[in-house]
Amino acid sequence: MLRDLLKNKVAYLACSVIIAIGLMIFVSMENTYINLSKSMNYFYSEYNFADGFATVESMPLNYLRVITDIPGIEQVSGKLVKDVRVLFPDREDNVYLRLVSVDLDEKERLNDIWRMEGTDLEQGKRNIWTGIKFYDANELSYGDSINVIINGKLIELNVIGKAQSPEHVYVMKDIADFYPSEKEFGVAYIPYDVMETLFDCNGIINEISFKVDSSYSFEDIKNNLESKLKKYNISNVVERKDQLSNFMLSEEIAQIEKMSSSIPILFLIIAAIILWIMLKRMVEHQRMQIGTLKASGYSSFQILMHYVSYSVVIGIIGGIAGGILGFVISDVMIMMYQDIYTLPNLESEISVFYFLMGILISVIFSSIAGVLGARGVLKLEPAESMRPPAPVSGKKVLLENVKMFWNALTVQGKMAVRNIFRSKGRSLFTCIGIAFSFSLMAALFSFVNMFDVIIMDNFKYVQKYDMKVTFFPPQNATPIIRELGAISDVSLTEPMWEVPVTLTNAHRKSDTIVLGLKNNSDLYHVVDEKKHRVELLKGGIILAEPLAKKLNAKIGDILDVDTLFTQKEDLQIRVANIVPQYIGSNGFMVLEDLNVLLGHRDIASSVLLRLPNESVREIKNTLNKCKIVTSIEEIEQTKEKYKDLMEQAIVMLYAMALMAVLTGFAIIYNSGLISFSERERELASLRVMGMSNGEVMEVLSFEQIFLGVIGIIIGIPLTYSYNYILAESFETDFYNFPMAVDPEVFLYALAGTGIAIFLAYLSIIKRIKKLSMVDVLKERE
Amino acid sequence: MNIILKATNLSKFYQMGEVQVKALNEVDFEIYQGEFVVVLGPSGSGKSTMLNMIGGMDKATKGEIFYKDKPLHNATEKQLTQYRRNAVGFVFQFYNLMPNLTALENIKLSVEIANNPLDTNMVMDEVGLLDRADHFPSQLSGGQQQRVAIARAVAKNPDILLCDEPTGALDTSTGIQVLKVLKNFNQKHRKTVIIITHNSSISKMADRVFHMHDGKIDKIEIIDTPMPPEEVEW
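From first to last, the protein sequence lines are chains A and B.
Just so you know, our numbering puts 530 at position 511 of the first sequence, and the rest follows in order with no gaps.
Just so you know, our numbering puts 307 at position 111 of the second sequence, and the rest follows in order with no gaps.
Bear in mind the hints are in silico, worked out from the structure with no lab data behind them.
Heads up, the beta-carbon is just placed ideally off N, CA and C, and yes, glycines get one too.
Treat the hints with care, since some could be wrong.
[Claimed, not checked] Derived, one-sided and incomplete: chain B residues facing chain A with beta-carbon distance under 7 Å:
#  : residue
1  : Asn248
2  : Met253
3  : Asp254
4  : Thr277
5  : Arg280
6  : Arg281
7  : Met294
8  : Leu297
9  : Glu301
10 : Leu305
11 : Ser306
12 : Glu308
13 : Ile309
[What the hints assert, rightly or not] Once the Cα atoms are required to be at most 30 Å apart in a straight line, the calculated DSSO-like pairs of lysine-lysine come out as:
#  : chain 1 : residue 1 : chain 2 : residue 2
14 : A       : Lys789    : B       : Lys376
15 : A       : Lys789    : B       : Lys304
16 : B       : Lys304    : A       : Lys443
17 : B       : Lys258    : A       : Lys788
18 : B       : Lys255    : A       : Lys789
19 : A       : Lys789    : B       : Lys218
20 : A       : Lys658    : A       : Lys569
21 : A       : Lys144    : A       : Lys172
22 : A       : Lys785    : B       : Lys304
23 : B       : Lys264    : A       : Lys789
24 : A       : Lys414    : B       : Lys258
25 : A       : Lys788    : B       : Lys415
26 : A       : Lys785    : B       : Lys266
27 : A       : Lys785    : B       : Lys258
28 : A       : Lys785    : B       : Lys255
29 : A       : Lys587    : A       : Lys241
30 : A       : Lys788    : B       : Lys202
31 : B       : Lys304    : A       : Lys415
32 : B       : Lys304    : A       : Lys422
33 : B       : Lys274    : A       : Lys785
34 : B       : Lys274    : A       : Lys789
35 : A       : Lys789    : B       : Lys202
36 : B       : Lys304    : A       : Lys788
37 : A       : Lys788    : B       : Lys379
38 : B       : Lys264    : A       : Lys788
39 : A       : Lys202    : A       : Lys415
40 : B       : Lys274    : A       : Lys788
Construct the complete structure from the given sequences, taking the supplied hints into account.
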């Protein structure tokens, strides 16, 4: 048996490798899933993670008593949360800290803080614990002081530790960030009394967290809470599942679990098919031996088990290798997740259960493949099996009726075509392998391409400003514009108002942000598919496509508008146009219209600026002194951030592509090898007849090219579905991907697939060169 | 008569573990154009090895072999391919037809690569299978398959027809039909036919018989009046 395995070592190895890849994914994903969710659950329960969160503009601390009385609320706590700019010496980038107040007297604190390093916070002292990622990324150490700007004043805070609450496992400024930038944004925990003094808001809070009694649902409480908090300008209420950090973490965990069950099955099925075909062939090849064994009294079952044991051995080898690799990968994955999420005691614990389960699954798959492949043994009668098998029957194939095609073929071509139809199963398998490799490559190329296009196009055609200055609360625009416009080097200023609203169309609701823009704005363009500018229409709203889809809204529909930024009720607006939008999903209105709608005049929340790059620093310094400025966005910095993000995504996409191409390669290689060894004798005969190696190769390559073309044709529609799946999995409320596939990517994928086929065939060319005419022709004597 | 093949000291040794097997041991022979030669010997006598040397499928350990004036013992792989393509036609014991090609296509396959082929229909007619041209090998009897194989070899119009136990898998009457076809080719086209066999009956129809034993030619027997194939019996 060992000899048989060694004879076809590459093919069996490829099989084991595919099994191992499958199980590696299974074990690593399952293990990561278990460790991540265990660690998350531990953190949430030990540190008393809240069930719901509400944000208000400002509310007296003692009003919390009223909230506690709402039926279904078990525990409640309030805090102050404010974003402040951090000034690191010698650094140009915009760094923000989200200061979160900590009530040092509170017992059984909600969203309690896990201190990883450092000493206790004390009342009255300007000491903070920063978030762990921020601390590490900025290479802070105990006792460092950092300067922040609070209400226009420079304040020094002392860092005395790194810590984190369950609310901040995944830290992002807002959903639009898509990915945390640890160096530029973090949280910091600060004593409440210090914070209320610094922000000059004694006895005030702006965030509420609460625990829900298990006999009540979140919905039960929500309305009650909203009405109680209306007077404090409540801006949102979310339950735990939608809380940003938890949402990102649990989505990730759910995705790992989903992948851990689907992807490995695909690999195992591929490996099983290869094993099946190989064993079938081996049984045909060794029929004489089988006959002899049967004649000497071995039962069919015993012989069957002998052959099945091959696949079991392959299964076990692949299973063990996959299991071990799985743990290694799981280690790497956990390390990677430690980089993204900060969870206490998140480590890669090895689960023997999944290791054994992986091997068991692999053995089951390979045994089934083995029995299917070797069942021919049962049918063989000893006397019959001692004779060589009946000659393979040649048949006309359907394609021969297409006379134009058929007559154009050389005899080698005809041979190849008939052979393709002779072993339909294997041909189909090869086609699928090629289609799989091709379409995945094309989809990934397309996706990377698309990523680049939507992000770069956004800066080229939509966000045409150099800097965006945001203030809170929204202000009268004219004086600010006048002031900013007066700064030398600023060549253009435009106001903009970003208003969080809830839009409703019939029964469909969606939370979004409406951008109020200057009519004919030069710094922010709304564009159509072809990047042509779209006019903002007076008296109407333009919706981004994904938003319109969510609302099921058409041009001319009337939407209900609900926002906390107005005292007016029963507001309505007509849908004037629908445009594509890939980053964000907003509504767009003329700024004056928006003001009128909400019953204001001349209000804006930010100003867009055009200015030369060299003036950025100076203007930032000026603006830092301004009390109401909450953030400054530099478009160049944003672009850099997107580029980084893209690079990370691309690495991941390429890793996926590599794995898929490897599998495709293994399929092409194996089926080519099987095709070769089944026809060794035929090919050797051709050599004896005087054909050169190249001419013999032609027969096989014709076959491969034919299958390749069919595979690629199947691959084209498949590309669109992969593209769809990729887009779906990357899509968030903030990112939408166009479904278009640039035909150019098919050329790249074609080249890639061609190379894979060629590489797989190199080894077969080698075998043809080594083909011993003497040995092959002697075989049957 | 012209010499078409000439071997001197032709030897092939194999290393089997620590033992050296002398499959062919310093053999000398000449074969002439248009001759009908039978190489006769029991299994292991070296006749297959000799066939491999003559057929340009294997290289000698030592000694020389020439086709016309061209040395085969030191020919390159490319030259050997050319030699097999144009000078030799092979007929195997188990026919080795391409199962995916019809009888006619099998013949065309070999004609396509040859320099100076014969008309395929004529050859099909000569082997008496014109009406079976569209049949696949699996639809033909053993004798018919062997005749297709001969037609395939002959159609290239080679100087030498090299047959390895051509009747080995056939019953007597079918075997005789095949021998008739071979003899016909030999006489009609004045081509050399070399048959390798352990069946001594066949040797009666030869011009000369090489008796092989233990890797050597024991004796070369000249037959003055070869028996017509119809009279051969086994």
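For this structure, which hints from the list above don't hold up?
Going through the list in order, the structure violates hints 14, 24, 25, 37 and 39 and respects the others.
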